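S.K.: Residue-level listing of the chains:
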Amino acid sequence: MGSRASTLLREEEIEEIKKETGFSHSQITRLYSRFTSLDKGENGTLSREDFQRIPELAINPLGDRIINAFFPEGEDQVNFRGFMRTLAHFRPIEDNEKNKNASTNEPLNSRTNKLLFAFRLYDLDRDDKISRDELLQVLRMMVGVNISDEQLGSIADRTIQEADTNGDNSISFNEFIKVLEKVDVEQKMSIRFLH
Amino acid sequence: MRCPSLANDDHGHDDADTGHDDADTGHDSADTGHDGADTGHGNSSSSQSGHGDSGHGDGHHTAPITTLPIVSWKWHHVETPYIVALWILVCWLCKLIIEANHHVTSIIPESALLICFGFILGGMIWGADRQQTFKLTPTVFFLYLLPQVILDAGYSMPNKLFFSNMGAILVYAVIGTCWNAATVGLSLWGCHMGGAMGDLDIGLLQYLLFGSLIAAVDPVAVIAVFEQVHVNEVLFIMVFGESLLNDGVTVVLFNVFDAFVSLGGAKIDAVEIIKGIISFFVVAFGGSLVGFIFGLLISLVTRCTKNIQIIEAGFVFVLGYLSYLTAEMLSLSAILSIVFCGMCCQKYINANMDERSVTTVRFVMKLLANGSETIIFVFLGISAIDKAIWVWNTGFILLTLLFIFVYRFIGVFVLTWILNKYRLVPIEFIDQVIMSYGGLRGAVAYGLATMLDEHKIKERNLMICTTLIVVYFTVILQGITMKPLVTWLKVKRAAVSELTIVEKVQNKVFDHMLIAIEDISGQIGHNYMRDKWNHFEESWMSRVLMKPSARKNRDHLFSVFHQLNLKDAMKYVTEGERRGSLEFIRNESAFVDFKKKFGDEYSEIMPDVTADTSDDHGGMSAMRRDPVPSVSLELHEQGMNGMRETEDVNTHHLLQQHLYKGRKQHRHRYSRTHFDVNKDENEVQEIFQRTMRSRLESFKSAKMGVAPPKPISKHTKKDQQQKMPNGKSLEKSRSYYSGDEDFEFSEGDSASGYDSSGNSFPMRVTYRAGAGIENPAFMDDLDPMSVVQIPPWLAEAELDSSMVAPSQRAQVRLPWTPSNLRRLAPLRISTRSNDSFMMADPSAAQQRDEDQLPPPPSPPPPPPPPHRD
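Residue numbers (full-length UniProt numbering), protein chains in the order written: chain A, 1 to 195; chain B, 1 to 869.
Watch out, some of these pointers could steer you wrong.
As the list claims (entries may be wrong) - Pairwise CB distance ranges, derived in the manner of DEER restraints:
id, chain 1, residue 1, chain 2, residue 2, range
1, B, 100, A, 56, 38 to 48 Å
2, B, 278, A, 19, 51 to 61 Å
3, B, 232, A, 161, 26 to 36 Å
What the hints assert, rightly or not - Counterexamples of contact, computed for chain B against chain A with all Cβ distances above 10 Å:
id, residue
4, 199
5, 201
6, 292
7, 482
8, 688
In short, the hints are calculated from the structure, not lab data.
In this text the structure is predicted, and so the values were computed from the model without any measurement.
Where a beta carbon is used, it is the ideal one built from N, C-alpha and C, also for glycine.
Throw the hints in and build the complete structure from the sequences for me.
M.R.: Next comes the structure, spelled out in structure tokens:
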């Protein structure tokens, strides 16, 4: 599997991905071998079923939402570039990146982009607002069955009230950023990828 | 053998001990002699209290019987077991007293308190006897107290976590321990040479011997302290795994150096050193192998204990103990043996044995481990009150403390620096500090120290004394400061106290997200070796070691899941009817699908459903009288004023209890005192079932050629909803409340709703014109992917609430009290089942829309007959 991975991934492709996502060369090859091992259809793209085959995701309450996040709107296949682009959100912010990238356009793993990723998990209809039922859906996924809908509803109301500043009974992205400004998103949305 | 086994040494010393004590106390040990090894602390029963003395007088000299005694005083007959039992009782009572006050234990770790209690008890004995007659002897410790502690550790070891950190643990345990032993020994020797300790008769080898016994971190002490300090699981497994394995290492080192000391410096040449190294590996791996074999043996035995379920749990303990003794007998590492024994068998015995036996094993394991841990600590304290061992040498003792502390830090930091180059998740600086600081020494070191031979090592008492001081220093001082240190170091990311709900929820979302991403990117533990091992394990070991029935269950996981799911779905439906909840709607399609598919096979279950629903009936009518959603009503009516605080508390509490924990937090916690098994299991089950269900739904929809829903469509719908006038929903609520129309009527009503709806896609607007009862099931069809579909009236109610005054909202809310839904429920089932029949033939999305248009001319009677009061 490993040898195949390195043969199939062209050097220039790696370079492009490197530039786009900031992953190192070895990280890219490693993730590519992971990608190919997930790709049971062996057609260079992953489908939802490929993701769903990962057993741990079945016991992750948000598993399916996160799977969805990998797929561009309206598509049900994702290629390696897309795969890496999504994973890049979770790359930790390195010290030298903080100032370096201030001039260029924002990297995928910036705080804003990380938050945007999280925001999109809620915002199914992509209207840049988390409505009450969108919130309720996520909440329902996250709590046990023994919490009643009335209770959950009141939690959702409360949550929206906490975040909602303009009174439209939904959470916009700006409100989302604001309400989480004390949270160390950089750390909480980063995992260390193997070099 | 170059390395004399523990047991041999033990016996030698113990006998010496016994003799010594007996001679001192002047008791004759005629009847305690034969099981002197059994109860080292008990055998010299120098009766700290009066009644013991009185017992001695008559019990011993068996004068010829002149008359039949009715009652005779036979203290010596029961003396040994009696004292043992009494001591166990006393130790456990100490724990009881300590645990009664949580304010104290939250500051001072229990182990430290137990040692302090030991001081007090020891003082009492001293006061009565002027002589320390009870102390922890190596035999008792190594043969009777330690095995169950280690067995428990092995049995509850999170195997996956352990093996995924195996490399690091081994490095710390082997290299780290050797490093500690060597540096401490050499530095002390260096200081001795430099004249820092005055006149001591200790050679280099003896320093190394001392270094090796003091080098190991003690699992008992570590667990006792770290259990209360909640550190992350990787750090925990590092410290814990290291402490377990390095016990094995340190015993081996000790034996090697002990042999070297006996040989004398002159005779040690390269060959002997190489032999020492070889014996190190033989002892370590041999011990592990013995444990492995016994683990397999336990698994095999439990495979066929179906007929003797009542004692099957006992096999685990007996065989586990035997593995310890066998390794000891072969002069292999007994600790490693019993650790691996526990680790190997845990999976198979849990699968093989009856559920109740597994519970028994768990409880008894905890009881034994916790019990002997308590005894160990108390006796560590008692042992201190003994004038004989207190030989003070300021230089030696202080330097030992200093070196242990410093070299532990250096060792951990250097090794971690090397390891971090290869590790996936580097060990952070803070973790390294905690790890170094967590290098607690404990009873193993003390046990080894008391095993030293006084003839070979002149300064034995000084070493024991130093060991005790090290133990007290690390367990008490470091133990107490550990928690503040942990909190202090983590202070940066703490601030847990006043999280808003958003933050709370979002933190969980982050957790789940990270875990999912790690799983997707295959970061944690999808390495080649494990796959290979799993394969081997699946195909061979499970086959041999697991009951066929247990294996079958695993093989047919899906079918089991399927049946579970079926039952679950039915429960959901009834539950949903009762509550009028969203779940009902969400799971409806799955339910119908099952019913359709398995209608034949499970027809016998269906009556159950009807029975269930009728059962629920009573509950429902009860609930109707007591409309539930008081919480949300209050929330709005109060306008966020007075009620806010209590609301907040309630909500936070609710969330706290019910949010799923990320796997990181709750899995793989090793705890001796508390074991929380079931809750997360349930959670995992729940999530798993939920995920599968939603996937099944989406799968179904995909099969019918419907692409996963485009969120956009929902967007438009919602916009239209928003435009809707307020009064509408109120009107609707009224129509719900006039809820006494009979079944046929409402059916027709909703049918007309269908009629008008399907023509244009944003259907909610149009079929509102029907003013009938909306069938929420219908909505579900529109958007099968969206997992929780809000029933229309609810959704509108929400949107309204932004415009409507709070008090009105209260009225809007009422419709979804159970009374209305109950009436709707049978209806829903009927139309839905019908619907799904039509949907059975795969048709394009276009087709499907049309399918829904014509109401079924004559709806078939609903499987569960409509219930009405």
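S.K.: Now look at each hint and say whether the structure bears it out.
M.R.: These are the hints, each one checked on the structure:
1. 100(B) - 56(A): 38 to 48 Å: 42 Å, holds
2. 278(B) - 19(A): 51 to 61 Å: 54 Å, holds
3. 232(B) - 161(A): 26 to 36 Å: 33 Å, holds
4. 199: At roughly 55 Å from the nearest Cβ of chain A, residue 199(B) sits farther out than 10 Å, so the non-interface label holds.
5. 201: 53 Å, holds
6. 292: 27 Å, holds
7. 482: The claim stands: residue 482(B) keeps its Cβ more than 10 Å from every Cβ of chain A (closest is about 24 Å).
8. 688: Given a closest Cβ separation of 5 Å, the condition is violated.
Of the numbered hints stated above, the single one contradicted by the structure is hint 8.
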